[in-house]
Amino acid sequence: MFRAYSVFLFVAVFILVFTFLHQLSVVVELALRSSAVWVTDYVVFRVKIPFLPMRAVSKLKYKAVLVTGNLTLNGLVAYSMSKNAVVALADGLRREMLKFGVSVHTINPWMHRTDIRCEEFVRKTLQDNWQQSPLHATEIYGDNFLKDSLEFIGKLYENDDIQEVVNAIIEASVGKNPKICYEEGIVWIPKLLSYFPQQFLDYFCYLYSPRNISHK
Numbered sequence: 001m002f003r004a005y006s007v008f009l010f011v012a013v014f015i016l017v018f019t020f021l022h023q024l025s026v027v028v029e030l031a032l033r034s035s036a037v038w039v040t041d042y043v044v045f046r047v048k049i050p051f052l053p054m055r056a057v058s059k060l061k062y063k064a065v066l067v068t069g070n071l072t073l074n075g076l077v078a079y080s081m082s083k084n085a086v087v088a089l090a091d092g093l094r095r096e097m098l099k100f101g102v103s104v105h106t107i108n109p110w111m112h113r114t115d116i117r118c119e120e121f122v123r124k125t126l127q128d129n130w131q132q133s134p135l136h137a138t139e140i141y142g143d144n145f146l147k148d149s150l151e152f153i154g155k156l157y158e159n160d161d162i163q164e165v166v167n168a169i170i171e172a173s174v175g176k177n178p179k180i181c182y183e184e185g186i187v188w189i190p191k192l193l194s195y196f197p198q199q200f201l202d203y204f205c206y207l208y209s210p211r212n213i214s215h216k
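Numbering (the numbering used here), first residue to last: 1 to 216.
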């Protein structure tokens with residue numbers, strides 16, 4: 001009886017310690033990504049505050065418009081996490097606000113040319129991040145991975161028509177019959193991929209992303 005109790009106690013302590021260490025690792029990983037998540041998930045609430053007194057159009061107070069996206073790409077995990085969080089926020093907020101007569105609309109742009117998508121800016125950011133990364137991480141990936149990543153950036157398709165996103169925001173904000181979700185740009189790519197099995201999507205991202213690493 002005592003032996004069974006000891007085994008049970010040992011297993012319980014092991015589970016508690018394992019759970020604590022796992023949660024700690026999750027907290028550390030999330031802390032490393034806090035900047036990207038904070039920008040979208042926190043600022044999305046705060047950025048509207050200065051505009052609250054400026055309701056030139058009465059309908060504005062009955063609408064909430066969020067710019068978001070929901071496709072996770074290699075190398076954009078933290079950024080994609082924040083975008084997916086806004087999708088979840090918009091879905092939950094839209095259903096919750098129905099009882100108050102408030103409509104919630106999302107704008108999902110895809111690869112438009114803005115300052116944040118400027119090739120020079122992305123290249124510099126990637127190189128800065130590489131230099132600031134731990135030595136053991138850069139050794140595992142190797143310089144070839146950085147070179148391939150820089151070449152991959154130049155191959156990404158960009159849409160120059162940023163006005164279509166602006167028009168969608170305007171229509172969602174003051175339009176008479178706005179859509180629940182506006183998808184602007186070459187959204188047919190993620191739409192098409194969403195119909196395939198997850199394994200296919202993973203392999204597709206694998207084929208079209210840098211993978212030339214030195215570690216074997």
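The hints are simulated quantities; they were obtained by calculation from the structure and are not laboratory data.
Hints may be right or wrong, so weigh each one.
[Stated by the list, open to error] With a straight-line cut-off of 27 Å between C-alpha atoms, the simulated DSS-like cross-links for lysine-lysine are:
(1) Lys99 x Lys83
(2) Lys179 x Lys191
(3) Lys99 x Lys191
Predicted model, so just to flag it, every value in this text is computed and none were measured.
Consistency of the hints with the structure:
1. Lys99 x Lys83: holds, 26 Å
2. Lys179 x Lys191: holds, 17 Å
3. Lys99 x Lys191: violated, 31 Å
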